[in-house]
Amino acid sequence: MEKTKRIKTIQTRDLVNSMKDGGCGECQTSCQSACKTSCGVANQKCENSHK
Amino acid sequence: MIHQYKLNGYNIVIDIYSNSLHVVDDVAYDIISIYMSMNTDEIVEYILRKYPDLTQDEIIDCISDIKQLKKDNKLFSEDPYKDISLNIKSRKNEVKALCLHVAHTCNLNCEYCFASQGNYKGKRALMSFEVGKQALDFLIENSGNRKNLEVDFFGGEPLMNLDVCKRLVEYARSIEKLYNKNFRFTLTTNGMLINDDVIEFANEHMDNVVLSLDGRKSIHDRLRKDIKGNGSYDVIVPKFQKLVNSRTKGTYYVRGTFTHFNTDFTNDILHMADLGFKELSMEPVVCPPEDEYALTEEDLPIILEQYEILAKEMLVREKKGEGFTFYHYMIDLAHGPCIYKRISGCGSGTEYLAVTPWGELFPCHQFVSDPKYSMGDVWRGVTNSSLKDEFKKCNAYARKECKDCWAKLYCSGGCAANAYHASGSILGTYEYGCILFKKRIECAIMLQIARQDI
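Residue numbers (the numbering used here), protein chains in the order written: chain Y, 1 to 51; chain E, 52 to 505.
Hints are not guaranteed to be accurate.
[Unchecked claim] Simulated pairs of lysine-lysine, DSS-like, Cα-Cα distance not exceeding 27 Å:
no., chain 1, residue 1, chain 2, residue 2
1, E, K133, Y, K20
2, E, K443, E, K371
3, E, K290, E, K329
4, E, K363, Y, K3
Everything labelled a hint here was simulated from the structure, so no lab data went into it.
Given the sequences, and given the hints that come with them, work out the whole structure.
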């Protein structure tokens, strides 16, 4: 976590970098998990161990 | 693009395209909100009026920090992904997941069921082993280099066809190594037929089990009734508890549906937790607006407040060592999905297909039995290539309504079926669902921040 006096930046995945190391497609199909009636990818796990 | 909001005492700023996340104080929050529309002098003047105790230097310090974050592409970053969205439309899609409708029949008669009591407005039927086997062969043949393949036993009620489920798992296990694949099975059940045999099968072979329970007995029994009209709560809860308590590997979700009748659905989620279930999900009902249990505009503020109440209560329970997981609040900030996943979404009609008991293919379970959306079958494969192309376009960049939406890289443009039912087009949007989705993401991010004790 980076921090200035008034701003704390939380560690998150660098989405721009994931243009290079992403896209393997091994992750779960989002609707196939718990919900089946709404779509969302935010709660999916990344399964690419090489990223 | 940024999104900033205040929740549970936290001032949160998300930089959408870089995925940067900042927790800021009130001064920084206000400066960020005007940073792109005022020059430095105007900002200083505005902030000094609002915070008279601050010095000019303190404000300029904060402006400098924001300027640096902008320079580092962690605030107000530009969209670098438009080309990717075009590539996604043109790339070859391997199939990696099937929703196997092993039973178009059900032993419950739930009033709100989108599958019309299991038969999807068609004939009642069970999938034969031969059709299921062909579906698995179709999946392997069309999965390219993808190793992980997902198969959901779905219905209707899949346990009404348990023997075929077992034989299909056995068949998949017998061939997966040969083709360098790893099958992951899910069972979605109403629980009525769970017994020791089912529990053993589920625990041995199901990576995930989805157990349908709507929460409190009065809520559950109002809509989830057996054929004679009796509520199913008393039958299924002990079975679910036995299954969950004996689960040694894989996940499970106790999953409910909330409707106009229980807009206080947090009480149902907490009831599930009090029954001993720890992995929970609760979905808004999907139904025509004229149905008496359909969610209304008046329900909306109540539901949004419920999501906040739920998030806060989860934190309280976690501190007491009584925490539980809520599916929509799971978000892995540091190792979550890549940009390709975030743009391309659920993959319905391309990577993900539903298979009827007769082997017909549909883009997903919610399109089953709609003849306009028939895509082919498990013997000939996807023959409706124009429909496949239409679904390929369904991504975070396909809908004009999503263009300036901060949540588009969390929902990928939303559910095609919901969009179709709400707007008549898979490239439309379901605004009600969008509003709920955005609130859930706000809560999910707040929870992660709170857990880091910032």
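Status of each hint after checking the structure:
In summary, the hint linking K133/E to K20/Y is supported, as the alpha carbons are separated by about 15 Å, within the 27 Å threshold. Pair hint K443/E plus K371/E does not hold up; C-alpha atoms about 46 Å apart against a cutoff of 27 Å. Using a Cα cut-off of 27 Å, the hinted pair K290/E and K329/E holds, with the two alpha carbons roughly 16 Å apart. With a CA separation close to 25 Å, the supplied pair K363/E and K3/Y stays within the 27 Å bound.
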